[in-house]
Amino acid sequence: GQQLNQSPQSMFIQEGEDVSMNCTSSSIFNTWLWYKQDPGEGPVLLIALYKAGELTSNGRLTAQFGITRKDSFLNISASIPSDVGIYFCAGDRNYGGSQGNLIFGKGTKLSVKP
Amino acid sequence: NAGVMQNPRHLVRRRGQEARLRCSPMKGHSHVYWYRQLPEEGLKFMVYLQKENIIDESGMPKERFSAEFPKEGPSILRIQQVVRGDSAAYFCASSPTGTGSGEKLFFGSGTQLSVL
Numbered sequence: 089g090q091q092l093n094q095s096p097q098s099m100f101i102q103e104g105e106d107v108s109m110n111c112t113s114s115s116i117f118n119t120w121l122w123y124k125q126d127p128g129e130g131p132v133l134l135i136a137l138y139k140a141g142e143l144t145s146n147g148r149l150t151a152q153f154g155i156t157r158k159d160s161f162l163n164i165s166a167s168i169p170s171d172v173g174i175y176f177c178a179g180d181r182n183y184g185g186s187q188g189n190l191i192f193g194k195g196t197k198l199s200v201k202p
Numbered sequence: 106n107a108g109v110m111q112n113p114r115h116l117v118r119r120r121g122q123e124a125r126l127r128c129s130p131m132k133g134h135s136h137v138y139w140y141r142q143l144p145e146e147g148l149k150f151m152v153y154l155q156k157e158n159i160i161d162e163s164g165m166p167k168e169r170f171s172a173e174f175p176k177e178g179p180s181i182l183r184i185q186q187v188v189r190g191d192s193a194a195y196f197c198a199s200s201p202t203g204t205g206s207g208e209k210l211f212f213g214s215g216t217q218l219s220v221l
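Chains as they are written, first to last, in the working numbering: chain U, 89 to 202; chain A, 106 to 221.
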């Protein structure tokens, strides 16, 4: 089935650092979504992208929908301790009307540098 | 302002038993989706239901798994004769009536199923 390749798998952050992660696919998606999941909780939507080339911000988070529609990246600027968690990209193949059948990447785990 | 409610949060079953997972969507939402998450993995779509109808069950295993969303009451994901490989976190999401893209999905906190 379709897969999203998300990288890096894990990374350590120090407070104040900028963080970058990305997601690639062999297939085209019409919507890209970025979620954050805390331990024992469900994913929470951070940013949704609808158009190729679109760049969208949500506070310290910025995400872009790749021109080819096969990739997306998420940047976190000036990270803070509460940014730790697992970040997932998800693609939605449907356009306009969603069937809710999202394809998720395997996640990028953000941890604090010891 | 209750979100998507799932219960139980944790469920332990022995092999061969049945597991019933419940999901109450957000108020005003009539679309429910079930996802499964294995350890160290992303979520995988299982099934999409509207009230009394299964719309898309392309992600459901062919045997032992079933889902319903009755006119009254929560959506139920039922797993018969559980096996160890069914151990996972099961998430429910809901969305409001009408069309919309993936951003309209709101996820619950999940049910962690452990099969002994």
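Hints were generated in silico from the structure; no laboratory data involved. Among these hints, one or two may not hold up.
Said to hold, decoys possible - Counterexamples of contact, computed for chain U against chain A with all Cβ distances above 12 Å:
#1 94
#2 131
#3 132
#4 141
#5 148
#6 150
#7 158
#8 168
#9 180
#10 191
#11 195
#12 197
Claimed, not checked - Where chain U lies over chain A, by a calculated footprint (3+ residues, C-beta under 8 Å):
#13 141-155
#14 160-169
#15 190-200
Since we're looking at a predicted model, the values are computed, not measured. Idealized CB from N, CA, C, for every residue including glycine.
Verification of the hints:
Listed as outside the interface, residue 94 of chain U is inconsistent with that label: its C-beta sits roughly 8 Å from the nearest C-beta of chain A, within the 12 Å cut-off. Not every Cβ of chain A is farther than 12 Å from the Cβ of residue 131 of chain U; the closest lies at roughly 5 Å, contradicting the non-interface assignment. Residue placement check: residue 132 of chain U does not keep its beta carbon more than 12 Å from all beta carbons of chain A (closest about 7 Å). In this structure residue 141 of chain U is separated from chain A by more than 12 Å, as the shortest Cβ-Cβ distance comes to about 17 Å.
The non-interface label for residue 148 of chain U is consistent with chain A: the shortest C-beta to C-beta separation is roughly 19 Å, beyond 12 Å. Here residue 150 of chain U stays apart from chain A, with its beta-carbon at least about 17 Å from theirs, past the 12 Å limit. The beta carbon of residue 158 of chain U sits about 17 Å from the closest Cβ of chain A, which is more than 12 Å, so the claim that it is off the interface holds. Separation of residue 168 of chain U from chain A is adequate, the least Cβ-Cβ distance of about 23 Å exceeding the 12 Å criterion.
Not every Cβ of chain A is farther than 12 Å from the Cβ of residue 180 of chain U; the closest lies at roughly 4 Å, contradicting the non-interface assignment. Against chain A, the non-interface label of residue 191 of chain U is violated: not every CB pair exceeds 12 Å, the least being about 8 Å. Here residue 195 of chain U does not stay apart from chain A, with its beta-carbon only about 6 Å from theirs, under the 12 Å limit. Some Cβ of chain A comes within 12 Å of the Cβ of residue 197 of chain U; the nearest lies about 9 Å off, and the non-interface call is violated.
Evaluation of the coverage hint for the stretch 141-155 of chain A: fulfilled, as 7 residues show C-beta separations to chain U shorter than 8 Å, against a requirement of three. For the stretch 160-169 of chain A, the stated coverage by chain U holds: 4 residues have a C-beta nearer than 8 Å to a C-beta of that chain, and at least 3 were required. With 3 residues having a beta carbon nearer than 8 Å to a beta carbon of chain U, the stretch 190-200 of chain A meets the requirement of three or more and the stated coverage holds.
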